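Enquirer: If you read the sequences in order, they're chains A and B. Per my numbering, the very first residue in the first sequence carries number 1; after that it's consecutive. Per my numbering, the very first residue in the second sequence carries number 162; after that it's consecutive.
One should not assume that every hint holds.
[To be verified] DEER-style ranges, computed between Cβ atoms:
| # | chain 1 | residue 1 | chain 2 | residue 2 | range |
| --- | --- | --- | --- | --- | --- |
| 1 | A | His143 | B | Cys243 | 43 to 53 Å |
| 2 | B | Gln166 | A | Gly139 | 47 to 57 Å |
| 3 | B | Leu192 | A | Gly139 | 17 to 27 Å |
| 4 | B | Glu230 | A | Leu31 | 19 to 29 Å |
| 5 | A | Pro154 | B | Lys267 | 36 to 46 Å |
[Claimed, not checked] Taking beta-carbon pairs under 7 Å as the criterion, some of the chain A residues facing chain B (in silico):
| # | residue |
| --- | --- |
| 6 | Pro8 |
| 7 | Ser13 |
| 8 | Ala110 |
[What the hints assert, rightly or not] Counterexamples of contact, computed for chain B against chain A with all Cβ distances above 10 Å:
| # | residue |
| --- | --- |
| 9 | Thr163 |
| 10 | Pro164 |
| 11 | Leu165 |
| 12 | Gln166 |
| 13 | Ala171 |
| 14 | Ala173 |
| 15 | Ile178 |
| 16 | Ser212 |
| 17 | Arg232 |
| 18 | Val239 |
| 19 | Met253 |
| 20 | Lys267 |
| 21 | Ser268 |
| 22 | Pro279 |
What the hints contain is simulated information worked out from the structure, not anything from laboratory work. Keep in mind it's a predicted model, so treat the numbers as computed, not measured. All C-beta atoms in this analysis are idealised placements derived from N, C-alpha and C, irrespective of residue type, glycine included.
What follows is the residue order along each chain.
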Amino acid sequence: MMRLVPHPVLLGSLIVMWLMLTRFSLGYLILGTVLAVIASWAYNALHPVKPPIRRWRVILRLAATLIRDIIQSNIHITWLLLTERRGTRRSAFLQIPLEVRNENALALLAIILTATPGTAWLEYGSDSGILCLHIFDGGQADHYRRMIDQVYEPMLMEIFE
Amino acid sequence: MTPLQSVPLAVAIPVAIFVVLGSTLTLIGALGFARLTSFYDRLHAPTLATSWGTGGIIIASSLMFSFIEGRAIIHEFVIGLCIVVTTPITLMMLGRAALQRDRAEKSPALPPEMLTRPKRKDRPQD
């Protein structure tokens, strides 16, 4: 079973995506499954290490937090852009030491930080474990530091480590 | 009667709200991109368009066509997924390239602690 389906989650997601892009019918289900199996073999040849996902429930909590944060920071950044001329905003660079080392967790963190307006991932040193961010609103530096240290990092560690 | 006219008000209003929300956010992001002066600041403005800008338009499109066709049309969300998953790649490349250039030039845009790659410090030995 594991030889035939090396990455069950990837396989499932690919089949769902195929059905979303076409429409649900038995023919498309079979075609999508065949394509997904071939794609997951190809992926297995590139990346034999399987990302260990420990807790599925945390993923839902992470998604809920993320959606709320994205809405909040959209409002915040929109407001800052519209009031830009007053010139009170200063952007800042942040350096945050990270505990997570798992590359899948780091990739997910990069997606989270990029999807949230106001934070841009600049650099991560895998030797030092320090993440350099650029934040649009320097006054919120402590907020972002807390957000990564106390909210996202513990959740990612729960999921992947 | 065109399909658009058959849409009742209860569907049309949320669709309109989401379209206006998404396109306004995208417009504000684009204006910000044009008006901001520092490179690092300009990295932030388009993220409005890639988060709720796209999100609003996708939700509106999905609502509208699900109603007209009478079945759930959700393939728009694949577009959203692809945008969310691929933007970090370009953003990181741009960010790192700018950082590399500014470090080589010792640019005043960087605070002193950013001029060199951060070293491991005050971390417990692991």
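Enquirer: Where does the structure disagree with the numbered hints, that is, which hint numbers, in rising order?
Expert: 1, 6, 7, 16, 17, 18, 19, 22
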